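Visitor: Sequence:
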Amino acid sequence: MSAELCYHIPSLDPHRLVEAKDKPDSNKRQVIGMNYFLTKAGLDFFTAFGVVLGGAMLAGIGSIFMMLPPTAMMLDTADRLKIWAIVAAIGGSIDPVRVIESNINLGHLSPAFQQICYIIIAFLGAHLATELVRLICKGAA
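Residue numbers (this note's numbering): 1 to 141.
The hints are simulated quantities; they were obtained by calculation from the structure and are not laboratory data. These figures come from a predicted structure and were not determined experimentally. Hints are all accurate, no fakes.
Listed next, the in silico DMTMM-like pairs over lysine to aspartate or glutamate satisfying Cα-Cα at most 25 Å (straight line):
| no. | residue 1 | residue 2 |
| --- | --- | --- |
| 1 | K82 | E131 |
| 2 | K82 | E101 |
| 3 | K40 | E101 |
| 4 | K40 | D95 |
Assemble the whole structure, with the sequences as input and the hints as a guide.
Guide: Now the structure itself:
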């Protein structure tokens with residue numbers, strides 16, 4: 001691969017190179033950036049969804065072994081896991097909040113808006129899983 005056929009896309013992984021005959025225009029960069037955003041948003045949604053749903057189901061199984069009512073344990077666990085599912089989905093640390101703060105302080109609103117969108121999407125995944133657990137437990141109550 002020759003040097004003139006490769007260029008760096010700054011909006012993605014810094015180690016990722018794309019081969020092309022000429023540099024893309026801004027529309028191609030926006031499409032690549034949008035695909036990355038949608039992929040990460042989808043993963044955040046399903047990560048939060050899986051944490052809540054899996055945790056509630058395992059709590060229900062564990063409550064059977066401990067001779068406790070599984071529906072009450074599943075509902076309580078789903079509510080308590082919601083915030084932790086969001087934290088796990090967005091990266092498991094305070095870094096996304098620092099990204100928002102630093103970008104707003106520098107006047108760059110696009111990366112801050114993306115991080116806020118990731119948090120909202122992770123919340124939607126966690127909330128949908130909580131509502132699914134409520135729907136599952138509704139028939140048992």
